[in-house]
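Visitor: Sequence:
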Amino acid sequence: MMQPEHQLYSYSYLYRITSTSPSFIHKMIGLFVSSLDEYVSELELLLQSKNLQELKKVLHKMKPSMMNLEIKGAGEILSKVSESGTWTTTTSDNIRQLRDTLKEIKPLMEQDLHELSKEVS
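If you read the sequence shown in my numbering, its first letter stands for residue 1, the second for the next number, and so on.
Calculated directly from the structure, the hints in this document are not laboratory data. Please read these numbers as outputs of a predicted model, since none were measured by experiment. Idealized CB from N, CA, C, for every residue including glycine. Take these hints with a grain of salt, some might be off.
[Claimed, not checked] Pairs of lysine-lysine residues, derived as PhoX-like cross-links and limited to a Cα-Cα distance of at most 20 angstroms, are as follows: (1) Lys56 to Lys80; (2) Lys61 to Lys118; (3) Lys27 to Lys57; (4) Lys103 to Lys118; (5) Lys72 to Lys106; (6) Lys63 to Lys27.
[Said to hold, decoys possible] Now the in silico label distances, taken between C-beta atoms and shown as ranges: (7) Ser21 to Ser84: 35 to 41 angstroms; (8) Glu54 to Arg16: 32 to 38 angstroms; (9) Lys56 to Glu104: 21 to 27 angstroms.
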């Protein structure tokens, strides 16, 4: 069973909770990858509008996937933003970092999906 390891994310949580079901893991990664462009677009719009309440809603929607896939730095960013009362330059920096990480992991996860699909079929 392929279990790719990356510095920006990890599937170890998924493997722990699924008893190593390749089809479930493939589905979870696929759903996340298919949402990445939307997540990146939403974060870019929020960087312009600086609407903290809307940002908190978007991050809340993204949180389960990001935590399941152990996206590097995501937990810390989610905590900082949820505790924040106003939009600051730190908020913008955190959102840029998260956006850039999501952009960077998309092709890596697509490659993982390709590799996993060999095991699922």
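Visitor: None of the hints should be skipped; say for each whether it holds.
Guide: Hints, verified against the model:
Using a Cα cut-off of 20 angstroms, the hinted pair Lys56 and Lys80 holds, with the two alpha carbons roughly 10 angstroms apart. A hinted pair counts as satisfied when its Cα atoms are at most 20 angstroms apart, and Lys61 with Lys118 does not qualify at roughly 30 angstroms. Our distance criterion of 20 angstroms between C-alpha atoms is broken by Lys27 and Lys57, whose separation comes to about 24 angstroms. Our distance criterion of 20 angstroms between C-alpha atoms is broken by Lys103 and Lys118, whose separation comes to about 25 angstroms.
The suggested pairing of Lys72 with Lys106 holds, with an alpha-carbon distance near 13 angstroms, which does not exceed 20 angstroms. Proximity of Lys63 to Lys27 is assessed by CA-CA distance (about 17 angstroms); at most 20 angstroms being required, the pair is judged to hold. Distance hint for Ser21 and Ser84: a CB-CB separation of about 38 angstroms, consistent with the stated range 35 to 41 angstroms. A hinted range of 32 to 38 angstroms for the beta carbons of Glu54 and Arg16 is consistent with their spacing of about 33 angstroms.
The beta-carbon spacing between Lys56 and Glu104, approximately 24 angstroms, falls within the hinted interval of 21 to 27 angstroms.
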